[in-house]
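Chemist: We have chain V; now place chains S, Z, D, H, A, R, L, B and G onto it with these hints.
There are 10 protein chains.
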Amino acid sequence: MSTQPSKELETFENPKPDRDYEIRFEAPEFTCLCPKTGQPDFATLRIRYVPDERCVELKSLKLYLWSFRDEGHFHEAVANRILDDLVKATRPRKMSLEADFYVRGGIHTVIEAAYP
Amino acid sequence: MSTQPSKELETFENPKPDRDYEIRFEAPEFTCLCPKTGQPDFATLRIRYVPDERCVELKSLKLYLWSFRDEGHFHEAVANRILDDLVKATRPRKMSLEADFYVRGGIHTVIEAAYP
Amino acid sequence: MSTQPSKELETFENPKPDRDYEIRFEAPEFTCLCPKTGQPDFATLRIRYVPDERCVELKSLKLYLWSFRDEGHFHEAVANRILDDLVKATRPRKMSLEADFYVRGGIHTVIEAAYP
Amino acid sequence: MSTQPSKELETFENPKPDRDYEIRFEAPEFTCLCPKTGQPDFATLRIRYVPDERCVELKSLKLYLWSFRDEGHFHEAVANRILDDLVKATRPRKMSLEADFYVRGGIHTVIEAAYP
Amino acid sequence: MSTQPSKELETFENPKPDRDYEIRFEAPEFTCLCPKTGQPDFATLRIRYVPDERCVELKSLKLYLWSFRDEGHFHEAVANRILDDLVKATRPRKMSLEADFYVRGGIHTVIEAAYP
Amino acid sequence: MSTQPSKELETFENPKPDRDYEIRFEAPEFTCLCPKTGQPDFATLRIRYVPDERCVELKSLKLYLWSFRDEGHFHEAVANRILDDLVKATRPRKMSLEADFYVRGGIHTVIEAAYP
Amino acid sequence: MSTQPSKELETFENPKPDRDYEIRFEAPEFTCLCPKTGQPDFATLRIRYVPDERCVELKSLKLYLWSFRDEGHFHEAVANRILDDLVKATRPRKMSLEADFYVRGGIHTVIEAAYP
Amino acid sequence: MSTQPSKELETFENPKPDRDYEIRFEAPEFTCLCPKTGQPDFATLRIRYVPDERCVELKSLKLYLWSFRDEGHFHEAVANRILDDLVKATRPRKMSLEADFYVRGGIHTVIEAAYP
Amino acid sequence: MSTQPSKELETFENPKPDRDYEIRFEAPEFTCLCPKTGQPDFATLRIRYVPDERCVELKSLKLYLWSFRDEGHFHEAVANRILDDLVKATRPRKMSLEADFYVRGGIHTVIEAAYP
Amino acid sequence: MSTQPSKELETFENPKPDRDYEIRFEAPEFTCLCPKTGQPDFATLRIRYVPDERCVELKSLKLYLWSFRDEGHFHEAVANRILDDLVKATRPRKMSLEADFYVRGGIHTVIEAAYP
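Residue numbers (this note's numbering), protein chains in the order written: chain V, 5 to 120; chain S, 5 to 120; chain Z, 5 to 120; chain D, 5 to 120; chain H, 5 to 120; chain A, 5 to 120; chain R, 5 to 120; chain L, 5 to 120; chain B, 5 to 120; chain G, 5 to 120.
Any given hint might turn out to be false.
[Claimed, not checked] With a straight-line cut-off of 27 Å between C-alpha atoms, the simulated DSSO-like cross-links for lysine-lysine are: (1) A:Lys98 - L:Lys98; (2) A:Lys11 - A:Lys98; (3) G:Lys63 - G:Lys11; (4) L:Lys11 - A:Lys20; (5) Z:Lys98 - D:Lys98.
Rather than coming from a laboratory, the hints here were simulated on the basis of the structure.
Pulled out of the complex, with its shape left as it was, chain V reads as follows (with noise of 0.2 Å):
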C-alpha cells in the first residue's frame, strides 16, 4: 500500500460476518479548504458503521482522509461526501458519519448524516 493521499479505500474480508457489530473511528486531523475564500477548514470526524462483507482499512481511511487536503469543500456537502465514498467502498449494513468543524464567525458546525 502506497502512503500518498488516496482517494482509493482498501477493504479486507469482515472476520465476523455472521454478527451485526460496529466499528467506530474518531479522526481528529481532518482538514480542506473553503472553496469560496481558500481558506483552510479543520474539522474532527466521528464514524460508526455496522460492516457487511467488507471492512475499512485503518491506514487507507487515513489516506483517503488526506487526500481531501488540498480541495474545496463547503461543510455540508464534504461530510455527506465521505459518507458516500465510505458506504460505496464498504457496502455496510449501516454506517453514520459526523463532522465536527471548528469555530468559524463566533459558531461551531456539527454536521451528521447516516445511511441508510
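Modeler: Just chains S, Z, D, H, A, R, L, B and G now, with coordinates in the frame of chain V:
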C-alpha cells in the same frame, strides 16, 4: 453579502436533498435586552435541523443573531421567534432550538423548542 | 412585585401557546430546615415544564423558593410540594422537578417527580 | 433509633403515594470483606426506587449499609442481597441498585440489578 | 487456580439466577500484537453481561486477557473472539463487549459487539 | 455539645503540636442575608490552617457557620469576620479563608483573606 | 443608584483595611464592538484586587461593564482601559485583570494586565 | 509475607539511592472508626516521599492501611500517626501525607502533614 | 491586508507600552508536513508574550500560521522557528511558545520554547 | 531504522542548541513484567527534557519503550533505569521522567525522577 446585522436570513441549496441528515450550530455569542429593565441578557443558542431544499448560510446566521443586540425580548418569546424565523427561511424537515441563558436571580434558564 | 419571600407564584401569558416547548430552570440556592432536628438542608432544584396558557415568572419563582427558608420539610415531601404548587400555578402540559440534596450521613439523595 | 449497625431497615409513610416519583441515593462509603481472602472490598452504591406505601429512612439505610462491614460477601451476591432487603422492607413499585466496586486485579466491576 | 496466562475461563454458579441483572467489567490493561507488523496494540475492554447459570470468575478473566499478550490479532477479529470465548464459557442471557484501542495513524478505533 | 446555631467555637488540643501541618475544610452550605435587601446569599467556604495548640471542632464549626443564617452581612465583611473569629478561637500558626459566593448581577465573587 | 450603563464606578469603604485580602470577580457577560468592523466582540473578564481604602460596588461594576456595549475597542486597549479605570476608582494595593475573548479567525485570545 | 492486617511495614533497598526521586501513592480504600461515636470514617490517602536507603513495600503498605479498619482515630491524629509510622519505617529524605476524608456534617476535611 | 498565507507578520503599535502585560493566543488549527514522509502533522500552538512597542495583528498571525501548511518541518525545528519569527516581528519584552502535536507512534509530543 | 524493539536509542542533532527549550513526551503504552510474579504491569510515561546537542528520535523512543515488554522490572528501578538510559543517549541539559502505574492492591503508584 453585507456585514451589517440583518433579520434577512440567506440560504443556499441543500447539496444532498435525498438524505435526511442533521446540521447543528452552537452560537455562544447571543445577546439581547430585557424588555422590562433594558438590561442586557446573554445566551448560548444551540440549533439542530434536517434541511429540505435549503440550508441556512453561516455568515447570514451570524448577522441575523447580531440583529437582536439592541432589541428587547423575553426569554420564552425570543427562543420561539428565532425558531420561527429559521423555519420560515429554510423550510426544514425538522428543527429544534435551545436557548441557554446566563444566571438571573440565582436561577439558570434554558428554553427548548422544536418544529414541527 | 414585592421582594419578600412568598408562596404566591406569579405567572404571565405563554407567548407561544400553539407549540409544545420546554422551559428548564436550575436553582442551586434552595434551603429549608429538617423537621426533626431543625438543622438546615440545602438542595439544587431542577424544574422542566411544557407551558400551556401560563408561564411562571422568574423573580416570583425566586421569592417562592426563598419562602421555604425557615420552614421544616422532609426531602420527599418538599419535592412533591413544590411540584404541586408549580402545577397548580401554571397548569402546564407537563412538568418535572428534581431536588438534589447535599450529603447527609454520607449519602447523597435526589428526589425526582413528574406531572402528570 | 440506635446508632449501631443493623440489618433492620426502618421505613416511614410515603408522603405522596398517589404519584409515581423516584428517590435516588448515592452511598460511596460501602465496605465488606472478600469471603475467600478476608480482605476488605469497597464500593459506591447507587439506589433508585419508586416508593409505594413506605420510604426507607435515611439514617436507617446508613446503619444497614454499615452492618456489612465485617461480613464476607461476593460482589454479585451482595448487590442482589441489598436489593432484596430493600425491596422486602419498602415494597416499592420499582427499585434498582448499582454496586460500583474498586479495581481488583486491574479490573473495575459494576453490578446492576433491578426489581421487578 | 494458577497465575499463568490461560485461555481457560473459570466460572462459578450465578448466586441469583432468577433475576436478570447486569455485570460490567472495565479492563484497561489489554495488549496484544499487530499481526502485520508485530508491534504491540493496547486497548481498554468494557464487558457487560446478564448471567444465566454461570458467572465469569474475576481472576480467571484477568489471566484470560493476559493470554493475548504475545499473540497477533486484528482489532475487529480479537474483539469478536473475546466475546465468543466469554459467551461460550458463561452462556449468558446477553453480553456485549467494547474494545477501545489506542490511536494509530491519528485515528482512534472502537469495536463494539453484542450477543445475541 | 448543643445542636443549636452558635457563635461559640469549640476547640480541642492539637494532637501533634510539634509539627506544622495543615487542616483544610470545604463547607458548601453557608448562607446569610444581604444587609441591603434582606435577600439570601449563598457561598462555599474554604478554610485552611496550621494549628498551634488548639484545633477547631468540626461539629462546632458547622453550628458556627449555621449561626449566620439569619444575619445580614456584606461579602467582604463576613469573610473577614469568619477568619477573625476562627483565628481568635484557635490561635493558629497561620490560616486562610476563601468565600466563594453564588452569581449576583451576572458576576461571580470570591473573597480570600489570610492570617497573619 | 441608577440602573443605566455608566462609566462612573461607585465604591464603598473597605471593611477591613488593616488586612491585605483579595477580592475576585468573574464577569462572563462583557461585550463591546470591534473598532474596525463594527462587529460585536465577547469576553469573560476576571478581576482580582487587594483593596486599600475603597472597594468597588458590585452593581456599579455591572453597570460599568455594560457601558462598553456600544463602544468600539481593540482587545489589548480595552483590557488595559478597564484595569486603569478600576485602579483609578479604588486605588487598590494591587489589581489584575484577565480578558478572555471568544475565538476570532480560529484563534482564542486572552489579555492579562496587572497593577502596579 | 502474610496477608493479614499489620502495623509492621516492610521495606526494601532503594534501587537508586544516589538520586533524589519521588514515589507517590494514592490509596482510596482507607477506613477507620470515629473514636467518639464508633461510626466508620473513610478517606483517600495520598503519600509522597523521597526515599533514602529503604522504600516501603506496596503490599505491606496495603496491609498496614487495612490495620486501621477496626481502630478508633481522630482525623488530625491518624494522619500524623500514619506519617510518623512511614517515616520511622523508611527514614526518607522527605515525605508528605494528605488524608482526604468524606463529608461529615456537610463539611469536607483534608489533613496534610509533611516530614521534616 | 491580503487573505493569502504569508510569512510576513504585521504588527500594530502597543496601546499601553508603559505597562508589562501579557497577551496569550491559542491556535488549534496549525498543520504542516513531516519532512521525512511528507505526511501531515497537526498541532495546537499556545503563544504568550509581553509586548514592547509592537503587538502582532491577529489576522496576520492566522495567515502566517497558514503559510506552514505545505511546508516540511520537524517538530523541534518548527516550534523554534515560529518563536523566532514572532520575536523578530514584534521585539517583545518576553515571549513563549508551546506546540502541542497530535499522537504519533503512540506518543504525544509537546515542544515549549521561550525568549529570552 | 528497524522496527524491532531495541534498547539502542537513536538521536539527531538539536536544531536550536543556543536556546534552552523543553521537549515533552507522554507515552501511555508502556508495559513490562513484575519480577516477583511475572504478571504484566502497565504505566503511562511522561518525559520532559531540555536538549543540549542531541534530541531523541521519536520512533526510536517507541522501540526502546517496547523493548521492556518481556522484561521483569520493579517500579522504582525501571523508572530510574529509563531516565538513566535517556540521559546517557542524549546528554540533556536537564530531564525528568514520571512513570504513572495502574492500580495494584487498591493503590495507585507514580515514580518521578529528575536529572541532574
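Chemist: Check each numbered hint against the structure and report the violated ones by number, ascending.
Modeler: none
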